[in-house]
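Chains as they are written, first to last, in the working numbering: chain A, -1 to 293; chain B, -1 to 293; chain C, -1 to 293; chain D, -1 to 293.
By construction, these hints were calculated from the structure, which means they are not laboratory data.
There may be inaccurate statements among the hints.
Put simply, identical chains are the same to the list, so a pair is met inside one copy or across any two.
What the hints assert, rightly or not - Pairs of lysine to aspartate or glutamate residues, derived as EDC-like cross-links and limited to a Cα-Cα distance of at most 16 angstroms, are as follows:
{"no.": "1", "residue 1": "Lys41", "residue 2": "Glu23"}
{"no.": "2", "residue 1": "Lys44", "residue 2": "Glu69"}
{"no.": "3", "residue 1": "Lys9", "residue 2": "Glu134"}
{"no.": "4", "residue 1": "Lys251", "residue 2": "Glu274"}
{"no.": "5", "residue 1": "Lys131", "residue 2": "Glu101"}
{"no.": "6", "residue 1": "Lys238", "residue 2": "Glu274"}
{"no.": "7", "residue 1": "Lys131", "residue 2": "Asp190"}
Chain by chain, the residues run as shown.
There are 4 protein chains.
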Amino acid sequence: MGYPMASNLFKKLGPSKFWVLDHSEPVALKFKQEHGNVHVATKASKIAEECSVIVTMLPASAHVRQVYLGENGLLSKLQPNALVIDSSTIDPSTSKEVSSILEKQGATMLDAPVSGGTLGAQAGTLTFMVGAKTPESFEQSKLILEHMGKNIVYCGLPGTGQVAKICNNMILGISMVAASEAMNLGVRMGMDPKLLASVINTSSGRCWSTELYNPCPGVLPNVPSSRDYTGGFGVSLMAKDMGLAVNAANETKSTTILASVTHQIYNQVMTTPGYEKKDFSSVFKWLNNNAEKYQ
Amino acid sequence: MGYPMASNLFKKLGPSKFWVLDHSEPVALKFKQEHGNVHVATKASKIAEECSVIVTMLPASAHVRQVYLGENGLLSKLQPNALVIDSSTIDPSTSKEVSSILEKQGATMLDAPVSGGTLGAQAGTLTFMVGAKTPESFEQSKLILEHMGKNIVYCGLPGTGQVAKICNNMILGISMVAASEAMNLGVRMGMDPKLLASVINTSSGRCWSTELYNPCPGVLPNVPSSRDYTGGFGVSLMAKDMGLAVNAANETKSTTILASVTHQIYNQVMTTPGYEKKDFSSVFKWLNNNAEKYQ
Amino acid sequence: MGYPMASNLFKKLGPSKFWVLDHSEPVALKFKQEHGNVHVATKASKIAEECSVIVTMLPASAHVRQVYLGENGLLSKLQPNALVIDSSTIDPSTSKEVSSILEKQGATMLDAPVSGGTLGAQAGTLTFMVGAKTPESFEQSKLILEHMGKNIVYCGLPGTGQVAKICNNMILGISMVAASEAMNLGVRMGMDPKLLASVINTSSGRCWSTELYNPCPGVLPNVPSSRDYTGGFGVSLMAKDMGLAVNAANETKSTTILASVTHQIYNQVMTTPGYEKKDFSSVFKWLNNNAEKYQ
Amino acid sequence: MGYPMASNLFKKLGPSKFWVLDHSEPVALKFKQEHGNVHVATKASKIAEECSVIVTMLPASAHVRQVYLGENGLLSKLQPNALVIDSSTIDPSTSKEVSSILEKQGATMLDAPVSGGTLGAQAGTLTFMVGAKTPESFEQSKLILEHMGKNIVYCGLPGTGQVAKICNNMILGISMVAASEAMNLGVRMGMDPKLLASVINTSSGRCWSTELYNPCPGVLPNVPSSRDYTGGFGVSLMAKDMGLAVNAANETKSTTILASVTHQIYNQVMTTPGYEKKDFSSVFKWLNNNAEKYQ
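Okay, chain A solo, but in the shape it has when bound:
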């Protein structure tokens, strides 16, 4: 995700000073080679030293802690008044905590997780859900984020960007399993899958998963289910997001029965041989084991 986002940012910001850092140095060097006029850092602290606006995109909470607060991390050399935007999807409490530590140093940190996937990152059409201490800092960040996305949504105080993201994704994760169970059941009971999808999509079962990302092969062209669940959003990434939702729920004593079960379903699917690299809609295929015997 980080690469195409940085690429769009670079293209829009023109010839200004631009530093990049990737966990894998060859990736950073490739970026420099492709875009020219880019500096490559090998430590986060170097980025902090050189830049007053910083955008990060990291896989999980532990990496955010490391890059921000760890040895040679951003915090160690952070410029006062720096504007730092973290687009990682991590747990809201880590987001709030890191933001509050940076703020004590005079910097401003916003959480701005994205939706839209790698395709959205390439096209510059991502949605950013932004948590910011003040509307002013949100407006500041918007000027940056607009170069990488289309919808920049203000969600409230630091951490609420993460909250919005995980609440959205937990519904997505659940409704994909729901759509898979329903399509599988309907087909086994003799309905044509396209017809079933069209009935649902004009009725109260309609959701993003049935309309735009139907998990049953052949219903929609150009979605993962129609190319054996390749591409798309990996089942292990969805398992990670469901885990964030469940953790956040536990911290606030919110009951999440379906999110918890769904989390475990994705855990089971992703460890089933053959499913590790599949799109999350492959839960349909997983449910549809041996279908030919029962139809």
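Using the hints, position chains B, C and D against chain A.
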């Protein structure tokens, strides 16, 4: 449901011969009083004797068996070539079985369960999902159903109307719990519920339950959640529909993990003191127990 | 199950008149060949005509309805005062209904489902859980059942034998999944499985599944988990019993969240390639997918 | 728990130097008053300075981090060669991490969570599940733990004491819900609860929850269910332990479908008005809502 449907039918069919039967005779008499020129039957067999087109709307599979196949039931006096439309939501296997028995008598029976609720029934804007042995019999039934609904959808062979209905409703039931868990979590974590709903509705968590029937009070006007969950679609009706889905799944060896858990959630909600007569979106309130302590 | 039960019964009852009937006639003929002095029936009604004491063992509710109430069924020729014992595991409401129909003919019907498996059937050590209208009829049945089992337990009115059986088996089915999840987790976190089992078995996690039928290979000798889950009680039979529990729960508005999820887990396991003929404790293996990657 | 454990320890160790520290100083002072010849500390570091053998009992991982690694924590003044035993139930990864930090300082830290409840703590009959780097350090700790418990079980390397505890408790938590669902179902279907319990306890559904802690009122005397679920092990404590199991499962990619659902059930029960201070077996009562209407 049956009353307003019959009312619309009567208004459109004009002065033709019209018979009604209700489990509660006063209801049938009230219909006659209100509409005039209507005959009231006290046995289903009388209806079968008098009418060549029959529409039924019954609570559950057992009632359909009773009214169609039981003592003094429709079957006992059915006219050859009668057209019989059952709009009850029941399990697909009962639907198929009764249809096949009637067919042996020369009649045509279609399953045509509805979505749209009592408001849709009154307004004549119901959706009918129709299972019919032939496209011709579907077209025949459409001429009748159009007087009571707006969308008349052909779903395939007898029983597939039921299949479409329960597949749709199982997604609805699951996504309502998903929406409730997510809205509850987001609010407890400090997000404004309207803002959270608007983020979800422009992203991949979007579904009928978040957009048109949001379970969190105050997000939408004129939905049950904004009037303490009165009106709408009762939690016990949703529990019944989830049960139909789970039964159908068992018959076809289709795994329905989320539908089963959701079925039990509605079972538990509907037996919780204070929830028996609430709309099914009251699962939000049920999850939100003691929220003030944890927010 | 029926064969060894009948065999024990024949051995104890000595040279008295003895009729057998099996869905597969060669099985019945083999029984005659092996035991001699046995009559083979080809219709249930013949059994009813000839015998005043009848024991049945059938796979599911539908078969019980067929054999008792169907064409050429027991009911058609039942002797007044016949004593009929049904050892099938079926849903309690069917049991009650058939019993009450037979009673109107003057016969006495008891439900007496068993636990103990094929090994218990061969050894004559089965447990029978008996529902009977009167203590007297229970005592009568006991004289017969003692030839096939060791514990003959009176559970109450007709149907309660089934109730006891499904309540027991739903705990068994759930605790086997619980034991599998816990053993899998413990082993992945570095504990020796035998040591973990011994800690659990001397503490509050102790249950039949951890003590006598541990699902983790190598913990106990002579259980299915130590011979790649062959033999034992098939996963599809457990799925059937969980389904009976869930159905009974629905009829009485009893919430069964864990039983419902567990039912679906067994449904999923039994349709996973390679698991169809495995013992129900193979849920451990199913959970343990790709374990080598994560340990 | 800590108070009676310390009391037993003090009684057995006789007049040796004895320091205590409690989060609530009055509790520590009461201990001194009751036992005499006891020193009261106000900081963990003071304990570390004065004692070469230390036992801690804390509510959760965060408290362990604070008391061991925080400001004025044990680590700051730890004696080389100190023997430190933590009897808290916390997540295994925190246990391992803290143990490894202390070890770098030359100390030995063991995890030794307990089972047996406050009654066991008072009677000195607790079970300790011990994780220790070497068998020698386990033997050393055993000399201390024997003063407070009856069974001191060696589980393996640091962290495995926690692993054994949470694996045991997750089976306990699940089987209690299973027992509650089954007893509730059986009773609603007309079985006498004592009779049902006795059938289960001689069959394959037998578990600690049905035999020794039956959740259905009236089956056993002297258990929480027979005194409106007072005393015993609080539902929120069980929710905490289920949460530890689920977290550990996520870290090791172990699927825990039933543990996750059960975790959420206890979450929901403990936030239901009237249940916050109840024993965890009150899940029976929660399921049994409105039972009188459905029986």
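Notebook entry, point to check: Of the numbered hints stated previously, which ones are contradicted by the structure, given in increasing order?
Noted result: 3
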